[in-house]
Amino acid sequence: MLYFKLIKEKIFTSLPIVLLYFFSFYHFQIPEVGKINFFAFNFQMILIYFYILKFPEALGFGNIFLAGIINDTVLGIPLGTTSLSYLTLSLFTSYIRNATLRSVITAEWFTFIPALFFSNLVYLIIINNFSNVSFYYIELLQNTFFTFLFFPIFHYIFSQYQRLISKD
Amino acid sequence: MADYRDDFIIAIRYALLKKSAKQKFSLFFLIILSIAIITLDKLSPSIIRPVKATLNDFVYHVSVLSSQPAKLKKHIVQKFKLHYNILSENKYLKEEMEYLKKQKFNNAYLASENQILKSALDLSIIKGLEQDFSISAKVILDQASPFLKSILINKGTQSGIKKGMTVFSNDYLMGTIIETNYLTSRVLLLTDLNSKLSVIIEDTSINAILEGTGKKQNLKLRYLPENYKPELNKTIFTSGKDGFLSPGIPVAVTYLNKKDKTLIRLLGDPDQALIVNVTNGQIK
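Here the protein sequences line up with chains E and A, keeping their order. Here numbering that gives the first Met the number 0 is used: the first residue of the first sequence is 0, the next is one more, and so on. Here numbering that gives the first Met the number 0 is used: the first residue of the second sequence is 0, the next is one more, and so on.
Pulled out of the complex, with its shape left as it was, chain E reads as follows (with noise of 0.2 angstroms):
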């Protein structure tokens, strides 16, 4: 019974882990609405940061290396450069957790602006310099203000199923 339970703990607690490197390796596309495509927001991106902030035992590191290396291959762009850029997002998120002292929604939702902006820098920097790829800027723009737009109801998802899997 002791054994069933901690798998069942085990399959819980690995949920960001499996998630983070499902939505690398597939990549959902929902149909847009009028011109602009609402839905093109980076789950990657809320995920780690959430993570990283509230229970960085969760998600390793070395798994969001990989998982970005995976997501460059699925793209086809310079290998590495999601690693980096997702990396520099831990980095930020990290320095975030260690320099406050109480979390509050508002306040972890706003500083998701800079560790997303210089998180998006280092993919630009390195799309721009280390490939040949081109590509609209006004496109990352509308993604990465959805992916900000979105996060607090993910932050919502997520601690809720956190205090689940805590409860159990």
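Just so you know, these hints were derived from the structure itself, not from any lab. Treat each hint with caution, since some may be false.
[Claimed, not checked] If you want a taste of the chain A side facing chain E, the calculated C-beta under 10 angstroms gives, among others: (1) F7; (2) I9; (3) F24; (4) F28; (5) L39; (6) P49; (7) K51; (8) L54; (9) V58; (10) S65; (11) A69; (12) L147.
[To be verified] 27 angstroms max Cα-Cα, derived DSS-like pairs, lysine-lysine: (13) A/K117 <-> A/K137; (14) E/K53 <-> A/K23; (15) A/K215 <-> E/K9; (16) A/K70 <-> A/K215.
Just so it is clear, the structure is predicted and the values come from calculations on it, not from any experiment. Note that CB positions come from ideal geometry on N, CA and C, so glycine has one too.
Following the hints, put chain A in place on chain E, whose structure we already have.
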């Protein structure tokens, strides 16, 4: 001020180097590793290429597996739509078949006339073109990316596919091969921003470059003559000036959108492509 700076440095150092109980690697180490990988990828030494090709093949196949539930959902929705529209489609197809039957005789006459005229002028469309390669491949992945519009096919260098080869779907040009692995290849679609194709507009002698914008319903024509506006319902063909593609392959068509603006859309639909043909530049 000095205290604040010290705190900042301590916090950054802590974030970079500290490993908690569950962390196997420090952030600093992984950042350095990422930079090393980016540099190696850029330099692309010959030792790295087979490793990268193997990694690509492995990741693509796992990615195919992970996208199966979404594919199943898409398949169910498509089947449902197909059954829903089958009556109207049947009526439309019957009308189209009648029209095509009439056109067939006309085309046969024009083709024979064209052959006679070409032989009289000593021109050959196959001159200078390698026309000895054609292989069918299955689209295994069409992952949505906000940046790169590409698809993955299940044939690679093992099947003789090389970079730069052209890809067709239902006789319509789809894109070109930009990356080859042993078992898979990546096709850059015509809709991608990085795609450029030399074309000619129907009933004119105007040459232009067809450029992707990320959307299949809105492509752009570059280097058009000044004050020239494309007319409606004009097909855009490959001009063959790149020396690789055969001339006269239909690529796109001009149309009027809801806001009465003339736009260019692809003839083929990259989202619907399941089986594609990879060739040396000609339709097969």
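A quick look at each hint next to the structure:
no., hint, verdict
1, F7, "holds (8 angstroms)"
2, I9, "holds (8 angstroms)"
3, F24, "holds (5 angstroms)"
4, F28, "holds (9 angstroms)"
5, L39, "holds (8 angstroms)"
6, P49, "violated (14 angstroms)"
7, K51, "holds (7 angstroms)"
8, L54, "holds (6 angstroms)"
9, V58, "holds (4 angstroms)"
10, S65, "holds (4 angstroms)"
11, A69, "holds (7 angstroms)"
12, L147, "holds (5 angstroms)"
13, A/K117 <-> A/K137, "violated (37 angstroms)"
14, E/K53 <-> A/K23, "holds (19 angstroms)"
15, A/K215 <-> E/K9, "violated (45 angstroms)"
16, A/K70 <-> A/K215, "holds (21 angstroms)"
Hints 6, 13 and 15 from the list above are not met by this structure, while the remaining hints are.
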